[in-house]
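*Asks:* From just these sequences and the hints, can you work out the full model?
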Amino acid sequence: MKVTTFGLALAGLAFSAGAAFAQDAFKPAVVYDLGGKFDKSFNEGVHMGAEKYKKETGTDYRDFEPQNDAQREQALRRFARDGFSPIVAVGFSQETALKKVADEFPKTKFAIIDAVVEKPNVQSTVFKEHEGSFLVGLLAAQASKSGKVGFVGGMDIPLIRKFACGYVQGVKYAKKDAEVFQNMTGTTGAAWADPVKGGELAKSQIDRGADVIYHAAGGTGIGVLRATADAGKLGIGVDSNQNALHPGKMLTSMVKRVDIATYNVFDQAKKNTFKPGVSVLGLKEGGVDWALDDNNKALITPDMKASVDKASDGIKSGAITVHDYMADSKCPM
Amino acid sequence: MDPASLVTILDSALRLSIPLLAACLAGLWSERAGVVDIGLEGKMLVAAFAAAAAAHASNSAWIGLLGGIGAAIAFALVHGFASISQRGNQIVSGVAINMLAAGLTAIVGNAWYGQGGRTPPLEGPQRFGEVFLGHSALVYLALLAVPVTWFVLARTRFGLRLRAVGENPAAVDTAGISVSGLRYAAVIIGGVLCGLAGTYLAVAQSAGFLPNMTAGKGFIALAALIFAKWRAWPALGACFLFGLLDAISIRLQGIVLPVIGEVPVQAIQALPYLMTVILLAGVIGRATPPRAAGIPYVKER
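Line order of the protein sequences matches chains G and H.
Note that the working numbering has the first sequence beginning at 1, numbered continuously upward.
Note that the working numbering has the second sequence beginning at 334, numbered continuously upward.
Examples of chain G residues toward chain H, derived with CB under 8 Å:
| hint | residue |
| --- | --- |
| 1 | Phe38 |
| 2 | Thr187 |
| 3 | Ala190 |
| 4 | Asp194 |
| 5 | Gly199 |
| 6 | Ser204 |
| 7 | Asp207 |
| 8 | Gly219 |
One side of the interface only, derived from the structure: several residues of chain H facing chain G at Cβ under 8 Å:
| hint | residue |
| --- | --- |
| 9 | Ser338 |
| 10 | Ser345 |
| 11 | Leu534 |
Treat the hints as calculated values from the structure; they're not laboratory data.
Here the structure is a predicted model, which means the values were calculated and not measured.
All C-beta atoms in this analysis are idealised placements derived from N, C-alpha and C, irrespective of residue type, glycine included.
*Replies:* Structure follows, in structure tokens:
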């Protein structure tokens, strides 16, 4: 008799454990990129999306900020092992780590932003940054008095070249003879968090006559925007709306709606509508845009707004095609 | 190259060399007294954090400087206690200082401000503004430290004794002068200079603290120290050279050379480090450190 009770209890235990496993727990988690979740830019956009979801639904989430490359894989695996799902991997540099971990945990839902991982349990979101960059380039060329504008990138990778290339196309679209200075901060992950170097790069471009500078450099960009504001020039933010960093000295920001992407991943996983695959978000899909708010209203003249709206419609309808650097690793400009 | 761009390059070189210079002089003081200091990086980092936090709290850049110097001295004393009083391994203690600073600043920063270890951005009076020729007061303080270091070490009784402690501490001890007293003094002076370097990074050059913002500058300063053969004026030259290489590498990006075409960013960015290796390996000849550097002094034998 005793044995039976024990056996029953054991079976019950096993059953409940099995049920918990099959129930497909909803425990969202985020693994940020090296810039850190308060980079006022790319990672912070993700953070805002996750916070928004938390506020609306009351569902808490876990997050992790890796301090070096080796920690990415550990963090992803750790979250997966602890039963977190969906897990959002932020940034292209998590691609290899996620490829490995996604195979090890086929039941866990993963999402990656800025890279494509083709696995049955991974949802990849990439953006058409070149389209948004084109629009801010258009604005930069029109706001520039010297006819010279600058671009400061973070790590020198195709993705950032894509920003630069779109920007150059926008600048040249507005002013054929405008000059664009381009700098990359570095070739390692540290290039996302070096505001001193960013400021120095911006200063060097200002010295050469640039009066509008666009950055795509994560935390490094804070130094870029600081230097442009200090010199009385105009900065252009990236990823999140950074106009409020230096009100009146920020021409605009190229916003990349990573917050929406993150929110959607959480939402879909909760509602069981999560689908693996690749989604490409451009201007038309609302994935990228330029920011207009109280902080930069005075800097955008009606003419500028009209021309950028026109170009925006042109891109959406396909009348204007912005070349994607990542398609052929070349920039025609 | 036109004169205007030459001036801007020199300007940028000066800005970039100041943190190296202050840290290099800190190492010079410490190593001349026989205490090897590879914790320059950590002391700079903790000073940068303390300076940014103090400047933010007090709304004054100068209070920030005091905070930065105070924090760096505290870390210098830890290093001093381990390596002078406890006669521990100076390299191990230095590494510990570096790791402690990297972790502590990020954790305390996150606990205080909740921005991933970052301090809030500093504005207006919380930063050192430009006082003369477009440079902040700290630049001139660091430059002033060069002749002062040279004069004190080469021309004063204190300096002579301090150098003697780094070469032959037993002789100094025999003369009835406290070896540990002199070494502590040197380590504290090193702390003050590291405080200056860190404060410059966070409160003058940028506007706020970021985790790991020193980015290896403490180690470049050590290289400069060896390159300068532990002397003050050559240290100025070495640090300026490294700053100049850094500044040039920024300007050279995207430049198209006649035959080669566009120079890859990676090649340009490796330039300062490549030059460092070449200079250290070939040009300077033999660099002899102070004889007693790294050896804890034990009185009784």
